[in-house]
Amino acid sequence: MTAPQMPIGEDDLTALADDRLPAERRPVVAAYLAAHPDVALRVEADMAQRDALRASLAAKFNEPVPSRLRIANIAASRRARLTTRLRLVAASLLLLAIGAAGGWGLRALSLPGASEPPAAISLAGAAFDAYRTFVVEVAHPVEVRAENEAHLIGWLSKRIGKPLKAPDLGRFGFRLMGGRVLPASSGAAAMLMYDNDLGARLTVYIRADKGAETAFQFRREGDVSTFMWLDRGFGFAISAPLDRTRLLPIAEAVYKETAA
Amino acid sequence: MDDAAALLEPLIPALRRYAYALTRNHAAADDLVQDTLERALSHWMLRRRDGALRAWLFTILRNTYINSLRRARRQGEHAPINDEDAHARDGAPDAALGVRDVLATLDQLPEDHKSVLLLVGVEELSYEDASRVLGVPVGTVMSRLSRARQRLRAMLETGRTTMLRRVK
Chain A
127 MTAPQMPIGE
137 DDLTALADDR
147 LPAERRPVVA
157 AYLAAHPDVA
167 LRVEADMAQR
177 DALRASLAAK
187 FNEPVPSRLR
197 IANIAASRRA
207 RLTTRLRLVA
217 ASLLLLAIGA
227 AGGWGLRALS
237 LPGASEPPAA
247 ISLAGAAFDA
257 YRTFVVEVAH
267 PVEVRAENEA
277 HLIGWLSKRI
287 GKPLKAPDLG
297 RFGFRLMGGR
307 VLPASSGAAA
317 MLMYDNDLGA
327 RLTVYIRADK
337 GAETAFQFRR
347 EGDVSTFMWL
357 DRGFGFAISA
367 PLDRTRLLPI
377 AEAVYKETAA
Chain B
112 MDDAAALLEP
122 LIPALRRYAY
132 ALTRNHAAAD
142 DLVQDTLERA
152 LSHWMLRRRD
162 GALRAWLFTI
172 LRNTYINSLR
182 RARRQGEHAP
192 INDEDAHARD
202 GAPDAALGVR
212 DVLATLDQLP
222 EDHKSVLLLV
232 GVEELSYEDA
242 SRVLGVPVGT
252 VMSRLSRARQ
262 RLRAMLETGR
272 TTMLRRVK
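From first to last, the protein sequence lines are chains A and B. Convert by adding 126 to the 1-based position in the first sequence; the result is the number in my numbering. Convert by adding 111 to the 1-based position in the second sequence; the result is the number in my numbering.
Check each hint, because a few of them may be wrong.
Said to hold, decoys possible - Computed footprint of chain A on chain B; a stretch qualifies when at least three of its residues, placed anywhere within it, have a C-beta under 8 Å from a C-beta of chain A:
1) 121–134
2) 169–180
3) 224–233
4) 258–266
What the hints assert, rightly or not - Taking CB as the label site, the calculated pair distances span:
5) A/Pro309 x B/Ile177: 38 to 46 Å
6) B/Ala116 x A/Arg207: 15 to 23 Å
7) B/Leu118 x A/Arg301: 23 to 31 Å
Think of the hints as simulated: they come from the structure by calculation, not from any bench. Owing to the predicted nature of the structure, the values given are computational and were not obtained by experimental measurement. Even glycine gets a Cβ: it sits at the ideal position worked out from N, Cα and C.
All chains should be modelled from the sequences, with the hints used to inform the complete structure.
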């Protein structure tokens, strides 16, 4: 860290109090303290405080861990919650399938020959695939990093043919990491990636989509939730490992910013 | 999840110690640790795999704590979270005063000073890991440590003199 011949600094004294002074600095610092007994006293006082702090918390550290903090118990209650949620999702998918089958039948009756897949569903699938592919990337999660935000946004806007701006999700704890261009059935899709202090990643997926405008639709696969909607010729999907109630306000914020 | 249990279980005592030093309330500390572990499990696949698991957990715990403080402040809660310990302190025998003293004094420091003293001094995190948990550069960790210690020293000095005066 510091070379042996450098003058004594506050960081030397801090490191000394923490027993982390590099060996080559020790003689210099020891000589300094011998010449400055007041400073030596100060360092001793700091060490005494640290030891007192450790002592006062030792009992807490040595306490048996309550059973509610056992990982097995926490994981079990998590699983129970997930199962309930999955059951709800399964039930709603079943309803969706019944609705779609019914709708499809009617459609075949009224519009023979017309057969495009429901736009929002293919959008969610594409967004989810993109999320799953890139969210686990450690080295290159994004093509262009947020440091070049102006360049990133200009580039993505050009590729998907819509003037974009990166929604500011700071109040939800998510910071822009960057973005990339992805292939899509309609040409190109843009993906913006955000992360928070927990290391959770959130993606905003946008592509040209000619489907009719839709309200928010929700989909969940494993830990990952997606909200999607179509608006003025573009499809949007927000994916993150959050539950529905936490993702909804974020999706609304993105909707507001991109619709403006 | 078995590997999660094997990696997380040994770190729980340290998490409880840090949580207790922050909240100074046994039940609130365990709630905080429980929230931390739940979040760690739900983000388990997304954790950094460079071995800094301890720093990651302390980061989650501290962020959870700060968010709960903020939420409480927004809702204008005035719940006396140190109640339980205030009573305990009243009845504390004199012999424990020295030890009680330093924790009570620590309570008067702002959270960032408190955390740096606990993470480096008690949890023995490296300066690099502490910088990760606190979200500031290593240089800032060191200068914050030095300032926090200075304040702690000053407060303990005045505390001791008032105590002595009271005893006389």
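Cross-check of the supplied hints:
1. Evaluation of the coverage hint for the region 121–134 of chain B: fulfilled, as 7 residues show C-beta separations to chain A shorter than 8 Å, against a requirement of three.
2. Beta-carbon proximity to chain A at under 8 Å applies to 3 residues in the region 169–180 of chain B; the threshold of 3 is reached and the given coverage holds.
3. Taking a C-beta to C-beta cut-off of 8 Å, the region 224–233 of chain B contributes 5 residues in contact with chain A, enough for the three needed, and the coverage statement holds.
4. Given a C-beta distance limit of less than 8 Å, the hint that chain A covers the region 258–266 of chain B holds, as 3 residues qualify and 3 suffice.
5. Checked against the hint of 38 to 46 Å, the C-beta distance between A/Pro309 and B/Ile177 comes to roughly 41 Å, which is consistent with it.
6. Between B/Ala116 and A/Arg207 the beta carbon distance is about 18 Å. The supplied range of 15 to 23 Å therefore holds.
7. Between B/Leu118 and A/Arg301 the beta carbon distance is about 27 Å. The supplied range of 23 to 31 Å therefore holds.
The earlier numbered hints are all upheld by this structure, with none contradicted.
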